[in-house]
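Protein chains in written order, with full-length UniProt numbering: chain D, 1 to 349; chain V, 1 to 349.
Just so you know, these hints were derived from the structure itself, not from any lab. Model, not experiment: these values are computed from the prediction. Worth double-checking, as some hints may not be accurate.
Claimed, not checked - With beta-carbon atoms standing in for the labels, derived distance ranges:
(1) D/Glu-144 - V/Asp-17: 51 to 59 Å
(2) D/Leu-337 - V/Asp-297: 24 to 32 Å
(3) D/Pro-332 - V/Glu-280: 27 to 35 Å
(4) V/Ala-145 - D/Arg-72: 46 to 54 Å
(5) D/Ala-145 - V/Arg-277: 53 to 61 Å
(6) V/Ala-220 - D/Ala-117: 19 to 27 Å
Stated by the list, open to error - Under 10 Å between C-beta atoms, here's a sample of chain D residues computed to sit facing chain V:
(7) Asp-17
(8) Leu-27
(9) Ala-41
(10) Ala-43
(11) Thr-44
(12) Leu-110
(13) Gly-118
(14) Leu-295
Positions of the beta carbon are idealized from the N, C-alpha and C atoms, including for glycine.
There are 2 protein chains.
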Amino acid sequence: MVHHGGRTGAAGGAGLDDVARLAGVSLSTASRALNNHPQVAAATRERVLAAAAGLDYVVSPDASRLAGGSSRARVAVVVPHLSRWFFGRLLEGLEVGLRGDDPRGVDQLLFLVGDVAGRRAFFEDLPARRRVDAAVVVGFEVDEAEQRRLELLGVSIVSAGGPSEPFPSVTVDDHRAGRQAVDHLVHLGHRRIGMLATLDPADRGPDRRTQAYRTALVDAGVPDDPELLVRVAFGAPGGADGMSRLLGLRRPPTAVFAYSDEIAAGAVRTLRRAGLRVPEDVSVVGIDDHPIAELLDLTTVAQPVHEQGVVAGRMVRTLLAGGEPPPSRVLPTQLVLRGTTAPPREAAP
Amino acid sequence: MVHHGGRTGAAGGAGLDDVARLAGVSLSTASRALNNHPQVAAATRERVLAAAAGLDYVVSPDASRLAGGSSRARVAVVVPHLSRWFFGRLLEGLEVGLRGDDPRGVDQLLFLVGDVAGRRAFFEDLPARRRVDAAVVVGFEVDEAEQRRLELLGVSIVSAGGPSEPFPSVTVDDHRAGRQAVDHLVHLGHRRIGMLATLDPADRGPDRRTQAYRTALVDAGVPDDPELLVRVAFGAPGGADGMSRLLGLRRPPTAVFAYSDEIAAGAVRTLRRAGLRVPEDVSVVGIDDHPIAELLDLTTVAQPVHEQGVVAGRMVRTLLAGGEPPPSRVLPTQLVLRGTTAPPREAAP
Chain D
1 MVHHGGRTGA
11 AGGAGLDDVA
21 RLAGVSLSTA
31 SRALNNHPQV
41 AAATRERVLA
51 AAAGLDYVVS
61 PDASRLAGGS
71 SRARVAVVVP
81 HLSRWFFGRL
91 LEGLEVGLRG
101 DDPRGVDQLL
111 FLVGDVAGRR
121 AFFEDLPARR
131 RVDAAVVVGF
141 EVDEAEQRRL
151 ELLGVSIVSA
161 GGPSEPFPSV
171 TVDDHRAGRQ
181 AVDHLVHLGH
191 RRIGMLATLD
201 PADRGPDRRT
211 QAYRTALVDA
221 GVPDDPELLV
231 RVAFGAPGGA
241 DGMSRLLGLR
251 RPPTAVFAYS
261 DEIAAGAVRT
271 LRRAGLRVPE
281 DVSVVGIDDH
291 PIAELLDLTT
301 VAQPVHEQGV
311 VAGRMVRTLL
321 AGGEPPPSRV
331 LPTQLVLRGT
341 TAPPREAAP
Chain V
1 MVHHGGRTGA
11 AGGAGLDDVA
21 RLAGVSLSTA
31 SRALNNHPQV
41 AAATRERVLA
51 AAAGLDYVVS
61 PDASRLAGGS
71 SRARVAVVVP
81 HLSRWFFGRL
91 LEGLEVGLRG
101 DDPRGVDQLL
111 FLVGDVAGRR
121 AFFEDLPARR
131 RVDAAVVVGF
141 EVDEAEQRRL
151 ELLGVSIVSA
161 GGPSEPFPSV
171 TVDDHRAGRQ
181 AVDHLVHLGH
191 RRIGMLATLD
201 PADRGPDRRT
211 QAYRTALVDA
221 GVPDDPELLV
231 RVAFGAPGGA
241 DGMSRLLGLR
251 RPPTAVFAYS
261 DEIAAGAVRT
271 LRRAGLRVPE
281 DVSVVGIDDH
291 PIAELLDLTT
301 VAQPVHEQGV
311 VAGRMVRTLL
321 AGGEPPPSRV
331 LPTQLVLRGT
341 TAPPREAAP
């Protein structure tokens with residue numbers, strides 16, 4: 001891996017952009033060529049190396065050592081949270097996929113980038129200083145600036161559990177999952193359906209799930225009522241607060257679609273504390289099939305979390321072995337009928 | 001760090017044990033001396049280096065590089081699970097403690113050793129091949145063979161969230177936590193108290209919590225009834241099954257102490273499905289203050305999980321900076337009264 005020593009093109013020496021310009025290739029290709037990335041044609045690599053030599057572009061000794069193939073592959077695992085079940089469970093699967101048949105195959109470097117500062121530090125600085133051969137970003141969408149930064153490093157990127165084009169990714173279809181949940185409520189006869197969406201900026205999924213909520217209502221011919229969409233902090237306390245707000249409406253919903261099972265669990269608590277029966281008075285559906293869903297007998301849309309990790313790990317191994325970038329995978333979600341959804345009282349037989 | 005090239009004393013060259021014998025020091029001291037460990041006296045280090053030179057003992061180039069101090073510290077984080085809240089939450093704290101004021105201070109290498117094979121592979125093989133400067137073992141007790149293995153590597157060890165003498169450790173007093181839970185039930189007037197203990201061999205805590213259960217009953221003058229102690233798989237389904245078994249007894253308990261909140265949550269579900277009221281018919285208390293405890297209004301004994309991680313991270317930083325081994329810390333636990341415990345019906349006013 002090439003160490004750029006800070007920004008490319010900085011004063012005091014040729015930058016990678018100079019090398020790329022001279023070689024007539026993109027920054028990304030220049031970086032990959034200098035990293036001996038398997039997907040760079042030999043002729044291109046020669047041209048880039050010649051340009052780098054001509055410009056006295058400095059490739060660090062560490063980079064040379066790694067390029068020589070003498071070192072074990074190092075994979076950065078970048079996660080925004082670890083105390084949430086989804087992330088821990090996905091990482092357990094990732095470990096299985098990365099290990100493959102060889103328990104000593106890969107070193108996993110863990111980067112917890114929960115706050116904005118941590119995420120900025122990782123993308124701006126850490127990969128360049130901590131040599132990694134690949135990175136798995138878990139559960140969040142890489143923005144354009146972050147993507148350029150990663151491509152400059154010439155490392156293989158795989159995205160797991162979140163939408164991150166243009167990298168090879170494994171995820172679920174959040175729009176479809178949202179439709180499965182809301183269509184279920186519509187089919188039961190509900191017309192006044194609330195949504196507890198999330199505020200968390202690290203979760204880009206909510207937009208797709210919120211879109212699904214809106215399109216499902218449009219398709220069902222239900223008029224839009226913006227006060228039925230409430231944004232809450234992720235987790236059970238957020239769901240509890242949001243449900244209180246929905247109950248405070250002049251016309252509360254007869255059914256609620258929660259962004260996640262943890263939010264749904266908080267909503268169920270608020271309903272019970274308010275003396276309302278679930279599902280007789282209000283139906284609740286979540287997404288995930290978190291362990292709490294079984295515990296609370298919660299209807300939900302299950303997503304395969306462990307499997308997303310396993311598949312992502314295998315994708316990384318394919319890339320590290322010099323294979324073609326694996327095609328992105330969208331794993332299926334599935335409605336799990338339990339005890340928190342039923343027809344609305346007025347529509348019940 | 002010194003690479004032994006496999007077992008010490010293997011044929012084909014001097015082993016570390018030869019070096020130690022010639023220098024008149026223990027294997028552990030020899031390894032630490034060759035690693036430039038700060039806790040080895042200069043005179044001892046000289047003697048070991050002289051012995052190593054005299055025996056042509058090979059220290060690998062990587063080891064020399066690291067010993068020169070030119071490399072960032074690498075910390076192995078060894079955890080048996082990640083999908084359980086306790087471990088993820090502790091690792092979030094560990095990240096804070098390891099980072100300190102410097103976001104680029106330490107590389108974290110993640111080792112998930114959930115199954116027996118993974119744990120064996122880690123302790124027998126991985127640390128020697130993957131150069132680390134310190135290791136944090138999270139939530140399990142290191143056995144004697146594993147301990148010797150780690151000491152041979154000359155790395156600093158810190159134990160977090162589990163009992164692991166003789167390393168510097170941060171944990172809670174599981175016996176005290178168990179007493180806080182069971183004494184609470186005794187003080188409410190319960191005499192027939194069940195326990196849902198765990199089977200999981202990775203959790204050595206249950207023994208101390210089970211001991212606490214037994215001694216609390218002895219101190220309360222309650223005769224021993226072994227059928228009230230039920231061992232279950234960790235998690236809510238285990239707790240649900242165990243509670244069914246307790247309800248099947250000729251004389252079911254009026255109160256139950258669960259090894260953890262997740263087990264307690266399963267027990268509460270079984271009780272409600274059986275048409276029993278919590279706490280009017282049966283009281284339930286757990287340990288952890290897991291987020292589910294607040295959600296289910298569960299009385300519990302809270303332990304500071306994030307803080308155990310932070311403290312462990314700071315301990316590692318102290319050791320890496322060459323400081324004295326920090327004293328082990330036992331963080332306080334606290335009874336949190338919520339809605340699942342009350343006096344037994346016969347003793348109620």
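Hints versus structure:
The supplied range of 51 to 59 Å is met by D/Glu-144 and V/Asp-17, whose beta-carbon atoms lie about 57 Å from each other. At about 27 Å, the beta-carbon gap between D/Leu-337 and V/Asp-297 stays in the expected band of 24 to 32 Å. Taking 27 to 35 Å as the suggested C-beta distance range, the pair D/Pro-332 and V/Glu-280 does not conform, at roughly 44 Å. The hinted window of 46 to 54 Å between V/Ala-145 and D/Arg-72 is violated, with their beta carbons roughly 25 Å apart.
Between D/Ala-145 and V/Arg-277 the CB atoms are about 56 Å apart, so this pair conforms to the stated range of 53 to 61 Å. Here the CB-CB span from V/Ala-220 to D/Ala-117 is close to 51 Å, at odds with the stated 19 to 27 Å. Using the Cβ-Cβ criterion of 10 Å, the hint placing D/Asp-17 at the interface with chain V is not satisfied: the shortest such distance is roughly 24 Å. Below 10 Å, beta-carbon pairs count as interface contacts, and D/Leu-27 has none with chain V, the closest being about 24 Å; its hint is therefore violated.
Using the Cβ-Cβ criterion of 10 Å, the hint placing D/Ala-41 at the interface with chain V is not satisfied: the shortest such distance is roughly 33 Å. Annotation: D/Ala-43 was flagged as interfacial toward chain V, and the flag is violated, the nearest CB pair being 34 Å apart, outside 10 Å. Taking 10 Å as the C-beta contact cut-off toward chain V, the hint placing D/Thr-44 at the interface is violated, the least distance being around 32 Å. With a least beta-carbon distance of about 4 Å to chain V, the hint placing D/Leu-110 at the interface is held under the 10 Å criterion.
Hint status for D/Gly-118: holds, given a least beta-carbon distance of 7 Å to chain V, under 10 Å. The interface hint given for D/Leu-295 holds, since its Cβ lies 5 Å from the closest Cβ of chain V, which is under the 10 Å cut-off.
Figure legend: structure checked against the earlier numbered hints; hints not met, in rising order: 3, 4, 6, 7, 8, 9, 10, 11.
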